[in-house]
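Undergrad: Construct all of the structure, not just a fragment, from the sequences and the given hints.
If you read the sequences in order, they're chains C and W. Quick note on numbering: the first sequence equals residues 1 to 295 in our numbering. Quick note on numbering: the second sequence equals residues 1 to 324 in our numbering.
Treat each hint with caution, since some may be false.
[As the list claims (entries may be wrong)] Computed cross-link-like contacts, EDC-like style, restricted to lysine to aspartate or glutamate with a CA-CA straight-line distance of at most 16 Å:
no., chain 1, residue 1, chain 2, residue 2
1, W, Lys128, W, Glu277
2, C, Lys117, W, Asp167
3, C, Lys146, W, Glu35
4, C, Lys146, W, Asp58
Since the hints were derived computationally from the structure, they do not count as laboratory data.
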Amino acid sequence: MSAHATQITPFTRSLDELAALSAETRRLIVETIHHAGAGHLGGPLSATDLLVNLYFDVLNIDPARPHWEERDRFILSKGHSSIALYVVMALRGFFPREELKTFDQIDSRLQGHPCMKSLPGIDMSTGSLGQGLSPGVGMALGARLKGLPFRTWVMLGDGEIQEGQIWEACFTAARYELDNLTAILDYNRLPQFGWPQTGGFTRSRPIDDPAAKFRAFGWHTVECNGHDHADIRRAFQAALAHRGQPVCVIAHTVKGKGVSFMEGDFNWHAKVPTDEQRDQAIAELTAGRPNGREG
Amino acid sequence: MSALLTLPKLTDAPQVAMRDAWGNGLVELAKDYPELLVLDGDLANSTRADTFAAAYPDRFFEMGIAEQNLVGVASGLATLGYVPWISTFAAFLAKRALDQIRVVVAQPHLNVKLCGSYSGILTGKTGKTHQSVEDIAVFRAMPGVVTIAPADANELRAAMRAMMEDDNPTYLRLTRDPSPVIFPDDYRFEIGKAVLLREGGDVGIISTGVQTIRALEAAEMLAERGIAASVLHVPTLKPLDVEAIVALAERTGTTVTAEDHSIIGGLGGAVAETLAEHRPTPLRRVGWHDTYGESGPNDALLEKYGLSSRHVAEAAEAAARAKS
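TA: Listed below in C-alpha cells is the structure:
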C-alpha cells in the first residue's frame, strides 16, 4: 500500500511499515528544525509514533478532501509539536514534502503552531496550551447532533493538563457520555522548565497517575507504550470499542525519542541542532533504533 | 443622512428587559435558522436562555460553570456549520474566557455569537465582580470580532437577525433590567451603521447601548434650556461608523460621548481616536472613569458614578456653552 493512498482500512498496515514511517518522520522533523533554525524537537519526537499510527492506520481521512464532512477529526492540543503533525501530513499526502522547508518562514502555511485558516487538514487552531480538548468536545457533540459517524481525536501534552480548562472539558465530555471522543496523552513527563524540590530541582514530573485523574472525571482509560506500534494499535482498538464514556489513551513516551542524545533531556524541548548533531541524529534514525533506549 | 426615526415619548414607551427580548429572540430565530444552537454557563434562568431551552431542548447545551470550556465547545460546533450563541455574563465572558475567544474563535474566525448579559453597571446589586466596564474595550482591540451594543429590546431583536445573516464572530452586549423601547417593531438593523435619533446643531451626543436612552432624556432636558442637541446612537462599536461620527462633529462642532462602560477603550475612546484623526473637535466623555463599581440600587449607582441622564445633559450643556 502506498503511503499516499487516500482512505485506509484501519488496523491493517504492517507494523514494519509503521516503524519505517516513524523513522522517516523523525528524520524529517530533525531536518526541518535544523533547516528552519527554530522550533521544538523533544515533544514532536515523543509524539511521532502516535501520530504516524493515527494518520496511517486509524483516521478515516482523505488528503484530497480535507473538508470532507464525515472525516475523523484530529486536534493537536499540544500545538508546539506542530512539526511532527506537518511531517506526518506531508507523508500522508496533504501537501508536498518540499513545503516542509517553508516551516516557520514568512507566508508559510506551516505556522509555528497549527493554524486551520492557513492549512487545509488542520481541524482546529491551537498553540495556547490546554485549549484543544474543548473544541474536540464541540465536534463530538456536533457529530452526534448531525448523526455523523466520525470520531474526534485530541492529542494532549502531559504538561498542558495542568491547565484547568482541560478538566472543564473532561467534566463536560463525561456528562454528555461522548464515546465518539478520544484523547491521547503524550505522557513524556518532561516539562520545559520544571519544579523546585527540597535540596535541589527536578525537571522530571513525578509519576502522578494521570489515568486515575481521568477516571475520576468519568473517563475510561487505556495505557500503552507510545513508541510500540503494536501496543498503540491495541490501545486505539480498545478506545474505539469502548461505549458510553470518552476514552483517554495514556501513552507512555520519552521526550526526544529516537535520538540518543536528545532522549529524556529537557534541553531539547526547543533547541536547534548543529550540523554535526543533525548528522548524528539522522545517522541514528537511519541505522534504526526502533525501540530506542529500551529496545 | 437618512430620515430620523419617529420615536415615542420616552415617558410613554413600554419597558422591556433586554435579556427577556434575547431569550424570546433566540426562539424566534431558531425557527428560521436550524443551525442556531445555545450553549449556557449555568446562568440560563438569569440570561433568559431558559426560554430557548424550553422551546428547543435538543439545541440547548448546558456547559456548567466553566466559561473557558464553554467557548471552546462552541468553537468546535462552529467548525461543523452550527452557529452557537453563548449565554453567560459579560464580566465572565470577556475576561475569564478571553484567551479562548482569541485563539479558537477570533483567530480562526469562527462564527460564534458571544453574548454578554448583565453588562455595564446595572447588574442587580451584584457589585464590581459582576459589573462589566471593560468588555467593549476588550473586543474592540481584538481583530475580527464585531461588537454590538443595542439600545432597546426591539433593536436587539433586529440586531440578532442581522447577526444570523452575518458570519463574523460577534460580541453582543446585553443588559439585565427593563428599559424603554424606542425602536419600532419593524426596525431593520444594519451592522456597522450608526443611527441619528435626534437632530440639533448646538452639541452632538454620541451614545451606545442603553445609555442612548439616557442620552435622549438628556437631549430633552437640554431642549427645555434652549439647547438643541443631536443624538447619534452607535450600536456597532466595531466596525465603527466613522463617517457618521465625523459628519456629526462637522454639523455640531462639539461632542459628548455617553456609555455605561469605561471611557478608556470604550465608545469615548473610539470617538476620541476617530475625531483626532479625521476632524479634531472638542469632546467630553461620560462613562466610567478608570474605576470599579459596587453593589447598590440602579439610580444610586448612576448618580454616584456619573452616568445618569442629568450627567449627560450637564456635560452636553457645558460643551455647547464652551463653543459660544
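Undergrad: Sort out whether Asp167 of chain W lies within 16 Å of Lys117 of chain C, counting only the CA atoms.
TA: 15 Å, holds
Undergrad: Within 16 Å, alpha carbon to alpha carbon, are Lys146 of chain C and Glu35 of chain W?
TA: With Cα atoms ~10 Å apart, Lys146 of chain C and Glu35 of chain W stay inside 16 Å; holds.
Undergrad: Lys128 of chain W and Glu277 of chain W were given as a pair; does the straight-line alpha-carbon distance stay at or below 16 Å?
TA: 34 Å, violated
Undergrad: Would the hint linking Lys146 of chain C and Asp58 of chain W be met if the CA-CA limit is 16 Å?
TA: 11 Å, holds
The structure is inconsistent with hint 1 alone, although it conforms to all the rest.
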